[in-house]
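Taking the hints into account, I'd like the entire structure generated from these sequences.
Protein chains in written order, with this note's numbering: chain C, 1151 to 1561; chain G, 1151 to 1561; chain B, 1151 to 1561.
Treat the hints with care, since some could be wrong.
Copies of the same chain are indistinguishable here, so a pair counts whether it falls within one copy or spans any two.
Mimicking DSSO-like on lysine-lysine, the simulated pairs with C-alpha atoms at most 30 Å apart in a straight line are [stated by the list, open to error]:
hint, residue 1, residue 2
1, K1466, K1482
2, K1359, K1452
3, K1238, K1429
4, K1482, K1354
5, K1228, K1482
6, K1354, K1466
7, K1359, K1230
8, K1337, K1438
9, K1429, K1452
10, K1337, K1359
11, K1315, K1238
12, K1452, K1482
13, K1466, K1438
14, K1228, K1212
15, K1212, K1438
16, K1230, K1429
17, K1429, K1354
18, K1438, K1359
19, K1337, K1238
20, K1354, K1452
21, K1466, K1315
22, K1238, K1354
23, K1228, K1315
24, K1354, K1212
25, K1230, K1482
Bear in mind the hints are in silico, worked out from the structure with no lab data behind them.
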Amino acid sequence: MAATHPKAPTAQRLAQGCWSAFWDYETPKVIVVRNRRLGVVYRAVQLLILLYFVWYVFIVQKSYQDSETGPESSIITKVKGITQSEHKVWDVEEYVKPPEGGSVFSIITRIEVTPFQTLGACPESIRVPNTTCHLDADCTAGELDMLGNGLRTGRCVPYYHGEAKTCEVSGWCPVEDGAAVSHFLGKMAPNFTILIKNSIHYPKFQFSKGNIAHREDDYLRRCTFDQGFDPYCPIFRLGFIVEQAGENFTELAHRGGVIGVIINWDCDLDLPSSHCNPKYSFRRLDPKHVPASSGYNFRFAKYYRVNSTTTRTLIKAYGIRIDVIVHGQAGKFSLIPTIINLATALTSIGVGSFLCDWILLTFMNKNKVYSHKKFDKIADTPDRCVGQGLPSSESPLQDSTPTDPKGLAQL
Amino acid sequence: MAATHPKAPTAQRLAQGCWSAFWDYETPKVIVVRNRRLGVVYRAVQLLILLYFVWYVFIVQKSYQDSETGPESSIITKVKGITQSEHKVWDVEEYVKPPEGGSVFSIITRIEVTPFQTLGACPESIRVPNTTCHLDADCTAGELDMLGNGLRTGRCVPYYHGEAKTCEVSGWCPVEDGAAVSHFLGKMAPNFTILIKNSIHYPKFQFSKGNIAHREDDYLRRCTFDQGFDPYCPIFRLGFIVEQAGENFTELAHRGGVIGVIINWDCDLDLPSSHCNPKYSFRRLDPKHVPASSGYNFRFAKYYRVNSTTTRTLIKAYGIRIDVIVHGQAGKFSLIPTIINLATALTSIGVGSFLCDWILLTFMNKNKVYSHKKFDKIADTPDRCVGQGLPSSESPLQDSTPTDPKGLAQL
Amino acid sequence: MAATHPKAPTAQRLAQGCWSAFWDYETPKVIVVRNRRLGVVYRAVQLLILLYFVWYVFIVQKSYQDSETGPESSIITKVKGITQSEHKVWDVEEYVKPPEGGSVFSIITRIEVTPFQTLGACPESIRVPNTTCHLDADCTAGELDMLGNGLRTGRCVPYYHGEAKTCEVSGWCPVEDGAAVSHFLGKMAPNFTILIKNSIHYPKFQFSKGNIAHREDDYLRRCTFDQGFDPYCPIFRLGFIVEQAGENFTELAHRGGVIGVIINWDCDLDLPSSHCNPKYSFRRLDPKHVPASSGYNFRFAKYYRVNSTTTRTLIKAYGIRIDVIVHGQAGKFSLIPTIINLATALTSIGVGSFLCDWILLTFMNKNKVYSHKKFDKIADTPDRCVGQGLPSSESPLQDSTPTDPKGLAQL
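Shown next as C-alpha cells:
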C-alpha cells in the first residue's frame, strides 16, 4: 500500500517511519472462548503447575538459591583416655597413630608384637606359599618372594615350632609369624573421648562457622556429645561412635575397621547463621564381609641400638581408624537461579494451553467454528487441503482486505 | 465447511490434506498499538531485561560457561630453615611433623619435654580431678581414670614438688606434669621458608596447571613469594603466612594454631591458559577464643632401650599447623548453559508484554477499543459477562464468518 | 461499550461478570500460511532444535538428571613386597611412610643415610652459600644461616674431604653432605603390589559402593588389576602404575616423584548399581622439568641413645609417592532439571518462528499481504508512519468494528 501512497517516500521519510514503528507496541490477538468446562480444565492445569513450582521447586528445593558444595574445612582432633593390656598401661601417645591430630587417625586396639628383630637369617614364615621344604635343594638361594620376609639363603631349616621345615631367609629375624605375641588393649577403648574441632568456610558466600560452642566457662571439659541436646559439644566417646555406626565394639577392636564420622553442614544462609548447624553421622567405611581383606591393620616398628646392633620391635597394629569427613551445601538467594526458575515456571504454565487447544479443536462440538476463529489461512498456491471450503476464486493476490478474506468473500 | 464440500472426502484425501496441513506455517496474529508512551514503556522494559542478561548473566556471571569445581589437586611441601632453643640447634627433621611433605604438616615452635619416662609407679598429676589424697584409703587400687596417666596402685604418695600428696599410679613415670621442661624453638621460625608445589587438573576440561614457574635457571632457589609481583614463586616465609593471616607470631608460636594456606584456581578456560593463575590467601582455621580448646598441640615420643629397659622421651609439641587447601572453579563455553540462559532471556524479555498489556487494557483511555481489538470472544452459552455490548442475537452458531462476527453483524 | 449498556451495572453484577470471565479460555489467534517452502523451513528448523535437545541435551548430557559430584570416599591402602639394596633386605615397614595405609603414602626407592649424627661441632656443608673460608675471621660466631645446618662457632675448619675449608657449625654432626651414603632399594620395587580399598558414598542419592569384588574365595589373594578384564581386583603392581603414568621407573626411583592413582566413579543411578564401576587412571602429578625442585624426597631420622648420648641416623628418602584421588559424579532422574530443560526445549523450538516470520515478512513475494494479515494496527494519534495506506479519516474512536477497521473501511 506504500506504493499507492500519493506522496513518493524519500529515504528520510522511510527512516522516520521505521523509527516511529519501532515504538509501536505489539500484543498477540487472542480468542476468548466462553466455555465453562474448558475454562475449568485450563485453570486447573495452570493451578497444578503453579502449585508444583511454588511448593516443590521454590519451597522444598529452594531453587531461588545459588548454592555451593564442599566447604573448605579444617579438622583438629584430640583423643583422650588410658587403657591397659595384661601387663602394661597404654597412653594416647602409644595407641594413636599418627599423633598430629589430623582428620584421619587410628586408635590401636590390638597389637601383635615381634620384639628383638635383628638382621640375620631365620626360617621363612610357613604362611608364605612354597616355603615348606625337606632338603636344601628345595630352596633356591637368592630368590626373593614378594610375599615373603627375606632373601632365601638356600638352606632348609626347622620351623620355630612344630615339626615342619621351611626355607631359610635373610632379613629381619625372627619373622613375624614365628614370634609374634598378641596384646589386646581395647578393654577401656569404648571410654576414650575424641574431640573433633571443625571449622568450615564457604568462600562464595564468605561464611565461616565452627562446631564448638563459644562459651567462657569450662563447659567443654565436662560435656559429651548429644545430637539432639547440644550439637556444639563435639566430644565423642569411641564406644558411642562405634555403636552409632551399628558395629560390635569387641569384634571391631579385634579385626580393625574404619569408621567415618561425617559432619554435614547444610546451611540456608538466607536464615540467621544460628540455623546453620553441623549434623553428625557415623558409618562403617571399609568393606566388612570381604574375606581376603576385611579389617584394618598396619605395621610399624620401633628401632633400638643395643651394643652397636640395630634391633627393632615390629608391631602389627589392628585398630579403629576414624575418618572425619566434612561435606555440606550452602544456599543463598541469588537472582540468576530465581529468574531461570521463574521463567521456566511461566513457560510451563503456558503448557496448559497446549492441552486446552487440543481439547478445544478435537472434542468441543463446535470445533469447526473455533478452528475458523483461531486459524486464519493464507494460501499462495491453489488450495490443496481437502475439507476446506475456500472458493477457488479467492486468491490472496486479489485480497484487498488483508485480515479477513474468507468472511468478506462470503458476504 | 468440510461438510459442505461437494466431493465427499475419502480417507486417502483426508490423509493427503493433513500431510499438506503439516507443512503450513503458523504465526500468531498480532495487534500493533500506535501509542508512543506505551511503546516507550515496552521498549524500556525490554532494554532493562536485555541489559540485565547481557551484562550480569553473561558478562559478570559467565552463564554461557559450563563449570567444574574442586579440581584434582596434588601438593608437595618442603620446609627449610634452622632454629635454636636455649641450648640446642633444631633442624627440619626435628621440628616438622609428619616429615613426608604432604598438604598438612606442623612446624613445632615450642615443646614440653618429659625425658626418661619408664614404666613404673609414681604420683598422679595434680591436675587430674580427684587425685589429691591424704591417706591410702582415698585411692582405690585398680581404678583407671580416663583423664589420668595410669592405673591406681592404692597408695597415697607425696607429689613431685610442694606439700601435696596424690594417688600413686602405675604407668609411664614420671608423669608429664611433674617433670616436663619447656623449650621455645620459635625464635627463628618466622624465617623458615615453605615451598608449596601444587598441580591441579580439571578432568572435565582436560586442563592441568602447576604453580611453579617453568624457568631453566635457579630462580626458584632465590625467590620469595609476592602475590602482586610473581605468583609463580611459591616459596613462603612462615612469618609472612602468619602475618597475612592476621595473627601475632609470638602468641601463635607459644599456644599453637592452624593456619590455612588457601590456593584458589579460578580459571576462565576460554582465555589462554596464562590467564589461569593461582591466588593465595591465608586464614587462621582453628577457633581462637574458645577457652578449653584453643591452640594446637600434640604428643609424640622417642623410644630408647638402655640396659634392656625401655625409656621414652615424651614431647608435647605446640606448633603452627599449615593446612594447604586447594579449591577452584573452571568455566568453559558450553552450548547447554548458553541455550538455557538464552531461552530464559528470551522468555524474560516477553515479561515486558505482561506489564504493557496490563497498562494497555487498564489505563489507556481507549481501552475498550483495544480490548475489543485484542480479544475475540466466542460464547457457546448465552453471554453472561456484564458490561459487554454483544447483541444477544449474535450466537456463534449463526456466525458464518468465523473471524469477525461482531463487526460484520453491526454492518 | 459497557457505558452504553441499557442496564446500569451494579457491583454485584460486575463481580459476577469478572468471575465468569475468569473461567474463559484464551488462546492466541493464529495465521496459517499455506506456503510449502516456508513450511519446510519451519519444520526443518524445529526438527534440528528437537534433535539437538533429544540427542545432545537429553541422551548425551543426561540433562534430565540431578547430579552430585565429589562422593564421600574412604581409602585403605596396603603395600606388599620385599626388596634389597647392596647389603640389606628391606621390608614394607621400612620403605612405606607413613605406615598407616591412608590415601597418600610414599614408597622409598633410594636413601641417603647419614649415620651416627650427634650434637656437636663440625664443618658446614660446602653447598651452603658463603661457607667456604680461609680464616676464622670469615666466619661470624653466632650466625644462623637458614639454609645451613647449624649455628656458626666462628672457626674455619678443613672440610670432610678435599682441600677446602668451611665455617664450623654447631648442630647435628657430621652434616649430611659430608657423610651421606646412598642406597638404592628400588631394584625389586616394580613388583611391589598395592591394594587400594575404596568405598564411596553419594549422600544425596543414598548410594554406596566399594571397589572390591564380593567373592567368598581367596580370589583377592591371587588376582592383579586389569582394567578391561576385572575392575574389581584393586591390586596394582607398582611397575604397572608407573608405566601407565608414562614414566621411566628407574629414573623415577632415583629422583622421586608423585604418581596419582585417580579413581573415577561416574554413575548413572537410573541404571542398576552394577553399571556404576570405578575407572582407574594414572598420572604423574609433580612438575617434571622444573630444575630447582623436581623429584620428591623428604628427610626423617631414627634416634638412638648409646651411653647416655643421643645419636640419630638421618635418612634423606627419595621415593614414589602415591596419591589416591577419588572423584566422580552421580546422576539420577529428577523432575526439576527435566522440567527446566523441557521448558527450554519448548521455548527454543519457538525460535524457529522468529526465523520464519522474518523470511515471511522480508522475502516472500506477497509480504504486504502477509504483513497485513499478521499485524492489525491501532493508532491513537494521527498516523505518522509513512508508507501506510490508512485513510486519515479512520480514527479508532469512530471504529465500531474493533477487529478490522482497514478491511471494512475499504469495502
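Cross-check of the supplied hints:
For the identical chains of this complex, K1466 and K1482 are neighbours neither inside a copy (49 Å) nor across copies (43 Å), given an alpha-carbon limit of 30 Å. In this homomeric assembly, K1359 and K1452 never come within 30 Å of each other (Cα to Cα): the closest approach is 40 Å inside a single copy and 37 Å across copies. For a Cα distance limit of 30 Å, the shortest separation of K1238 from K1429 qualifies neither inside one copy, at 38 Å, nor across copies, at 47 Å. In this assembly of identical chains, K1482 and K1354 lie within 30 Å of each other by CA distance both inside one copy and across copies; the values are 10 Å within and 19 Å between.
Taking the closest pair of Cα atoms, K1228 and K1482 never come within 30 Å of each other, the shortest separation being 34 Å inside a single copy and 39 Å across copies. Taking the closest pair of Cα atoms, K1354 and K1466 never come within 30 Å of each other, the shortest separation being 45 Å inside a single copy and 38 Å across copies. Only within a single protomer do K1359 and K1230 lie at most 30 Å apart by alpha-carbon distance; the minimum there is 25 Å, versus 33 Å between protomers. Taking the shortest alpha-carbon separations for K1337 and K1438, only the intra-copy value of 22 Å comes in at or below 30 Å, while the best inter-copy value is 35 Å.
Proximity of K1429 to K1452 under the C-alpha cut-off of 30 Å is found in neither arrangement, the shortest distances being 40 Å within a copy and 38 Å between copies. When the C-alpha separation of K1337 and K1359 is checked against a cutoff of 30 Å, the pair qualifies neither within a copy, at 36 Å, nor between copies, at 32 Å. In this homomeric assembly, K1315 and K1238 come within 30 Å of each other (Cα to Cα) only across copies, at 24 Å, whereas the closest approach inside a single copy is 35 Å. For the homomeric pair K1452 and K1482, neither the shortest alpha-carbon distance inside one copy (53 Å) nor that between copies (50 Å) is at most 30 Å.
In the homo-oligomer, the alpha carbons of K1466 and K1438 lie at most 30 Å apart inside one protomer (20 Å), although the nearest pairing across protomers, at 36 Å, exceeds that limit. Neither within a single protomer nor between protomers do K1228 and K1212 lie at most 30 Å apart by alpha-carbon distance, with minima of 37 Å and 44 Å respectively. Neither within a single protomer nor between protomers do K1212 and K1438 lie at most 30 Å apart by alpha-carbon distance, with minima of 38 Å and 34 Å respectively. Taking the closest pair of Cα atoms, K1230 and K1429 come within 30 Å of each other only inside a single copy of the chain (23 Å); across copies the shortest separation is 38 Å, beyond that limit.
Both within a single protomer and between protomers do K1429 and K1354 lie at most 30 Å apart by alpha-carbon distance, with minima of 21 Å and 15 Å respectively. Taking the shortest alpha-carbon separations for K1438 and K1359, only the inter-copy value of 12 Å comes in at or below 30 Å, while the best intra-copy value is 35 Å. For the identical chains of this complex, K1337 and K1238 are intra-copy neighbours only, at 12 Å inside a copy versus 39 Å across copies, given an alpha-carbon limit of 30 Å. Proximity of K1354 to K1452 under the C-alpha cut-off of 30 Å is found in neither arrangement, the shortest distances being 47 Å within a copy and 44 Å between copies.
In this assembly of identical chains, K1466 and K1315 lie within 30 Å of each other by CA distance solely inside one copy; the values are 25 Å within and 40 Å between copies. In this assembly of identical chains, K1238 and K1354 lie within 30 Å of each other by CA distance neither inside one copy nor across copies; the values are 52 Å within and 46 Å between. In the homo-oligomer, the alpha carbons of K1228 and K1315 lie at most 30 Å apart only across protomers (29 Å), although the nearest pairing inside one protomer, at 48 Å, exceeds that limit. With identical chains, the CA atoms of K1354 and K1212 are at most 30 Å apart both within one copy (17 Å) and between copies (15 Å).
Taking the shortest Cα distances, K1230 and K1482 never come within 30 Å of each other, neither inside one copy (39 Å) nor across copies (43 Å).
Hints 1, 2, 3, 5, 6, 9, 10, 12, 14, 15, 20, 22, 25 from the list above are not met by this structure, while the remaining hints are.
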